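Since the structure of chain W is provided, determine the placement of chain V on it from the hints.
Line by line, the protein sequences give chains W and V.
Note that this note's numbering numbers the first sequence so that position 300 is 357, with each residue one more than the last.
Note that this note's numbering numbers the second sequence so that position 143 is 439, with each residue one more than the last.
Mixed in with the good hints, there may be bad ones.
[Stated by the list, open to error] A partial selection of chain V residues facing chain W, derived with a Cβ cut-off under 7 Å:
1. N353
2. T382
3. L410
[Unchecked claim] In silico SDA-like links for lysine to any residue, alpha-carbon gap of 20 Å or less:
4. K59/W - L402/V
5. K66/W - T403/V
6. K59/W - E406/V
7. K66/W - L446/V
8. K59/W - F405/V
9. K269/W - L412/W
10. K66/W - L402/V
11. K66/W - A304/V
12. K59/W - Q421/V
13. K66/W - R419/V
14. K66/W - E406/V
15. K66/W - P443/V
16. K66/W - V401/V
17. K59/W - R427/V
18. K59/W - R419/V
19. K66/W - R383/V
20. K59/W - T415/V
21. K66/W - D440/V
22. K59/W - D440/V
23. K213/W - S479/V
24. K59/W - L446/V
25. K166/W - G370/V
26. K66/W - M439/V
27. K166/W - V176/W
28. K66/W - H441/V
29. K209/W - R427/V
[Said to hold, decoys possible] The following label-pair restraints were derived from C-beta to C-beta distances:
30. R444/V - V84/W: 30 to 38 Å
31. V375/V - A420/W: 38 to 46 Å
32. I358/W - D440/V: 41 to 49 Å
Note that these hints are calculated values from the structure, not bench results.
Since this is a predicted model, take the numbers as computed values, not measurements.
We put the CB at the ideal spot given by N, CA and C, even for glycine.
As a plain string of letters, each chain reads:
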Amino acid sequence: MKFLPLIWKNVMRNELRSLFTCMSIAVSLFLVTLLYAYMAMQAEIAENNKGQNRLMVMHQSGLTALLPLQHVDRVRAVEGVKVATAWNWFGGKYKDDRIPFAQFATDPKLVFQILDDLVVPPDQLAAFERDRTGCVVGTKIAAEKGWKLGDKIVLKGDIYPVDLELTVRGIYDGKTESADRKMLFFNWLYLDELLRNRREVFAGMTGTVFLKTESTDDIPEVMRKIDSQFASSDAPTRTMTEQAFRQMFTEMLGNVRAFIRNTALAVVFSLICVAANGMAMALRERTREVAVLRSIGFGRILVMSLVLGEAVAIAVVGGVIGSLGGKLLFMLFDITLTAIPGMAGGFYIPWSTALGGLALAVAIGLASGVVPAWQAARVSVVDGLRKVV
Amino acid sequence: MPNDANVALVELRDVSKDYFRDEIRIPVLADTSLQIARGEFVAVMGPSGSGKSTLLNLVSGLDRPTTGTIIVDGDDLGVLSESQITRWRARHLGIIFQLYNLIQVLTAFENVELPLLLTPLSRRQRAEHVRSALRIVGLGDRMDHYPRQLSGGQEQRVAIARAIVNDPVLLLADEPTGNLDASAAHEVLDLLVQLNAEFHKTIIMVTHDPKAARRAHRVLHLEKGTFNHADIDALEAAR
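One chain only, chain W, in its complex shape:
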């Protein structure tokens, strides 16, 4: 502790150089923290969904092919299925939005039985069930768009050639931090009615069937039964867990985990080089001072520790700004980074990731300080002093 003022004075010796090193660490760690937060968030969502026993049934050919709505009733009749509903991505445009937020045509009576990690007040749920053109929205999307109960929302069809005129009947919240609060649910009957009126081919179809099983043990058997009963039909199915369904979207972007890990490694390696170069330059200018400290009685290990302390101090300041600052930023402001609305939930940085970023900063400091510290400890006192005496 008594050496901390000495370490800090050395950090502040060349303020500009320390600032630049610090900021390069801060910005890079901010990005690394974001990348790892994404992975941690996905893992957390997967963990939260584990006990939910939720399955998705889609056409065997993929999401571009639709399933007949009769499939919903047949799925519901499978032994081990607790609740099943149509689940259809609408993808309409709201006002000037360039990217649609998550909008699903579903069954108002059943959707919150399946998504029981979402909470909607009973009176609002009843109003949603009564109103064929009603909808329920998440707290975040409601706050973002300024919606309140009774507001009219017009969604212009992009995938479907119909526009929806919806009324906000309820606002749901989530029980967990990772819950997606940016979705909108409306009655599938309303969409189907509009499509039937226009005699569209989409009428009587749904993108997927969303269901909940009685228990986790039932899942493999339920999946097998569903897919086998539709195997010889015009619309064979592929049933998967909700987790696998989400992962399928993520994997559309490629091997994201490997990409993130390799990017982070490259960033960390570059940071170590930048920080080590800064430290080496700083110490080259202080050869004489190191020799003086050694002549006073500072041992090699102590000199090494001081240099390492200096490198770690710079990195930790960068880490605090980058990782903890990032955490604070996402706590104060709702910034959604997901490219696939409705599949990744609201973006946030878990504490474990933010603190991991700080630990990474310490590791970067130590790694960047090792070589300069070793060089400093090896300075010959006689040679170091001879430079000036």
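Just chain V now, kept in the frame of chain W:
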């Protein structure tokens, strides 16, 4: 001369020191023996390259002799490991450099405190010691000044305070007045004499300046690796 002058604080027995440059042996000290008594103030003179600084490096344990034995305050430096010598230096020695060698980002107080950071003293105890040392060198009112805010003489006095703050038995001064004007040099020499007389510090001072050497009890002349008695008058006349 002090009463206990017969007790040797520093003893060199048949010490040789060779340097090697591209496998060429360059002898600096040749079978040199020397005794410096506790409480003595010795000046070492000699031409450049005569081995004056080498002598200080050997006595301080910063360098090792090629042959021979060096005993300081009863400790044979030859048997101590490098880390032991480093710790020994922190306890027994104060070094004063020609160019002061203060840490520029530290205040006078913090510079003087450096050797005490190696001791188990509390913060308050360290502060007391630092204030005492700075008062002794006459800089009690300059504690919060940075080296750049001090004159050369004041910087050297801070360096002296740093050398004495852990109460060492031996002070080694390498050209302590070499970078100062006459007035500042005089003040620094007065201070060294005071430290020797009042605080019984044994001092070995390397100098080119006969006037500085005159302030010592004994003047040694080092030439071609061996000590001779110095004729100060002749040296002064030669300057």
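Do the hints match the structure? See the list:
no.	hint	verdict
1	N353	holds, 5 Å
2	T382	holds, 5 Å
3	L410	holds, 6 Å
4	K59/W - L402/V	holds, 14 Å
5	K66/W - T403/V	holds, 10 Å
6	K59/W - E406/V	holds, 11 Å
7	K66/W - L446/V	holds, 19 Å
8	K59/W - F405/V	holds, 14 Å
9	K269/W - L412/W	violated, 36 Å
10	K66/W - L402/V	holds, 7 Å
11	K66/W - A304/V	violated, 41 Å
12	K59/W - Q421/V	holds, 13 Å
13	K66/W - R419/V	holds, 18 Å
14	K66/W - E406/V	holds, 11 Å
15	K66/W - P443/V	holds, 14 Å
16	K66/W - V401/V	holds, 6 Å
17	K59/W - R427/V	holds, 18 Å
18	K59/W - R419/V	holds, 8 Å
19	K66/W - R383/V	violated, 24 Å
20	K59/W - T415/V	holds, 11 Å
21	K66/W - D440/V	holds, 14 Å
22	K59/W - D440/V	holds, 18 Å
23	K213/W - S479/V	violated, 91 Å
24	K59/W - L446/V	violated, 26 Å
25	K166/W - G370/V	violated, 95 Å
26	K66/W - M439/V	holds, 17 Å
27	K166/W - V176/W	holds, 13 Å
28	K66/W - H441/V	holds, 15 Å
29	K209/W - R427/V	violated, 77 Å
30	R444/V - V84/W: 30 to 38 Å	holds, 34 Å
31	V375/V - A420/W: 38 to 46 Å	holds, 41 Å
32	I358/W - D440/V: 41 to 49 Å	violated, 31 Å
In summary, the structure is inconsistent with hints 9, 11, 19, 23, 24, 25, 29 and 32 from the numbered list given earlier, while agreeing with the others.
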